[in-house]
Amino acid sequence: EAAVTQSPRNKVAVTGGKVTLSCNQTNNHNNMYWYRQDTGHGLRLIHYSYGAGSTEKGDIPDGYKASRPSQENFSLILELATPSQTSVYFCASGDFREVFFGKGTRLTVV
Amino acid sequence: QQKVQQSPESLIVPEGGMASLNCTSSDRNVDYFWWYRQHSGKSPKMLMSIFSNGEKEEGRFTVHLNKASLHTSLHIRDSQPSDSALYLCAAPMSNYNVLYFGSGTKLTVEP
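Chains as they are written, first to last, in the working numbering: chain A, 636 to 745; chain B, 96 to 206.
No lab work stands behind these hints: they were computed from the structure.
Idealized CB from N, CA, C, for every residue including glycine.
Warning: the hint list may mix true and false statements.
[To be verified] If you want the footprint, here are the derived chain B segments under chain A, 3+ residues with CB under 8 Å:
id	region
1	132 to 145
2	194 to 206
[To be verified] Using 25 Å as the maximum straight-line C-alpha spacing, the simulated BS3-like pairs for lysine-lysine come out as follows:
id	chain 1	residue 1	chain 2	residue 2
3	B	98	B	162
4	A	653	A	692
5	A	646	B	162
6	A	738	A	653
7	B	162	B	151
8	B	201	A	738
9	B	137	A	646
10	A	738	B	140
11	B	137	B	162
12	B	137	A	738
13	B	151	B	98
14	A	646	A	692
15	A	692	A	738
16	B	140	B	201
17	B	201	B	151
18	B	162	B	140
19	A	700	A	653
20	A	738	A	646
21	B	151	A	692
22	B	140	B	151
23	A	646	A	700
24	A	692	B	140
25	A	700	B	98
26	A	738	A	700
[To be verified] Taking beta-carbon pairs under 8 Å as the criterion, some of the chain B residues facing chain A (in silico):
id	residue
27	156
28	183
29	187
Using the sequences plus the hints, can you model the full thing?
Following this line, the structure appears as structure tokens:
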């Protein structure tokens with residue numbers, strides 16, 4: 636089965652600090668995605684990538700950067716974390732036919 | 096405005112009953128819809144997809160698609176407590192490499 640691994644699974648960060656969420660996929664998918672999930676909002680797209688070296692903005696990119704150094708790895712970076720970025724973050728790989736999700740990272744910014 | 100709208104926000108059905116969930120898109124170029132299911136504390140997993148007008152059935156689950164009205168619906172017959180989950184509708188919009196999700200319908204099946 637398709638495998639997407641996220642780390643860390645839980646993170647508590649301080650306001651103004653830098654946070655890096657990591658994602659690794661072994662599916663050899665070109666496309667990778669970062670979504671955040673908040674109650675009442677479903678899954679909202681932050682950034683996505685078509686392949687190594689590419690990053691694209693999704694619907695809610697403000698306050699987030701992304702990095703795709705290789706086919707397998709896709710990171711989400713919060714340079715200056717704010718309490719409004721407290722959420723569950725899902726990384727995924729795939730394409731429009733099917734998207735496979737990691738188990739999620741619960742981020743709390745205090 | 097959210098690109099994919101789902102209704103109702105929440106739904107409670109008795110065990111053995113029929114659950115009906117709705118989804119529409121704001122993008123007239125949408126051809127396909129997906130339904131994902133997310134159990135509490137878990138990640139979403141694809142349940143069913145539909146690409147053409149009409150109906151598609153897989154076991155207790157049936158999906159309808161009306162491309163003209165950009166509307167899809169998911170029907171679960173003989174609902175079981177294990178069907179209790181958040182059901183997310185998704186559509187690719189104009190960029191077929193990216194899925195956009197609705198806010199979901201929380202289904203509770205009461206024994």
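Hint check:
1. 132 to 145: holds (count 6)
2. 194 to 206: Coverage by chain A holds for the region 194 to 206 of chain B (6 residues, Cβ < 8 Å).
3. 98/B - 162/B: Status holds; Cα separation ~15 Å.
4. 653/A - 692/A: 20 Å, holds
5. 646/A - 162/B: Violated, at roughly 42 Å.
6. 738/A - 653/A: Roughly 22 Å separates the two Cα atoms, so the pair holds.
7. 162/B - 151/B: 14 Å, holds
8. 201/B - 738/A: Roughly 19 Å separates the two Cα atoms, so the pair holds.
9. 137/B - 646/A: 17 Å, holds
10. 738/A - 140/B: 11 Å, holds
11. 137/B - 162/B: Roughly 31 Å between the alpha carbons, so the hint for residue 137/B and residue 162/B is violated.
12. 137/B - 738/A: Measuring from Cα to Cα gives roughly 6 Å; hence the hint holds.
13. 151/B - 98/B: This hinted pair holds, its Cα atoms lying about 24 Å apart.
14. 646/A - 692/A: 24 Å, holds
15. 692/A - 738/A: With Cα atoms ~22 Å apart, residue 692/A and residue 738/A stay inside 25 Å; holds.
16. 140/B - 201/B: Holds: residue 140/B and residue 201/B sit about 15 Å apart, inside 25 Å.
17. 201/B - 151/B: Between residue 201/B and residue 151/B the Cα gap is close to 22 Å, so the pair holds against 25 Å.
18. 162/B - 140/B: 24 Å, holds
19. 700/A - 653/A: Status holds; Cα separation ~11 Å.
20. 738/A - 646/A: Distance ~14 Å between residue 738/A and residue 646/A Cα, so the pair holds.
21. 151/B - 692/A: Distance ~34 Å between residue 151/B and residue 692/A Cα, so the pair is violated.
22. 140/B - 151/B: OK: residue 140/B and residue 151/B at ~18 Å, within 25 Å.
23. 646/A - 700/A: Status holds; Cα separation ~18 Å.
24. 692/A - 140/B: Measuring from Cα to Cα gives roughly 24 Å; hence the hint holds.
25. 700/A - 98/B: Holds, at about 23 Å.
26. 738/A - 700/A: The hint holds at about 21 Å.
27. 156: Given a least distance of 16 Å, the restraint on residue 156/B is violated.
28. 183: It holds, given that the least Cβ distance between residue 183/B and chain A is near 6 Å, below 8 Å.
29. 187: Holds, because the Cβ-Cβ distance from residue 187/B to chain A comes to roughly 4 Å (cut-off 8 Å).
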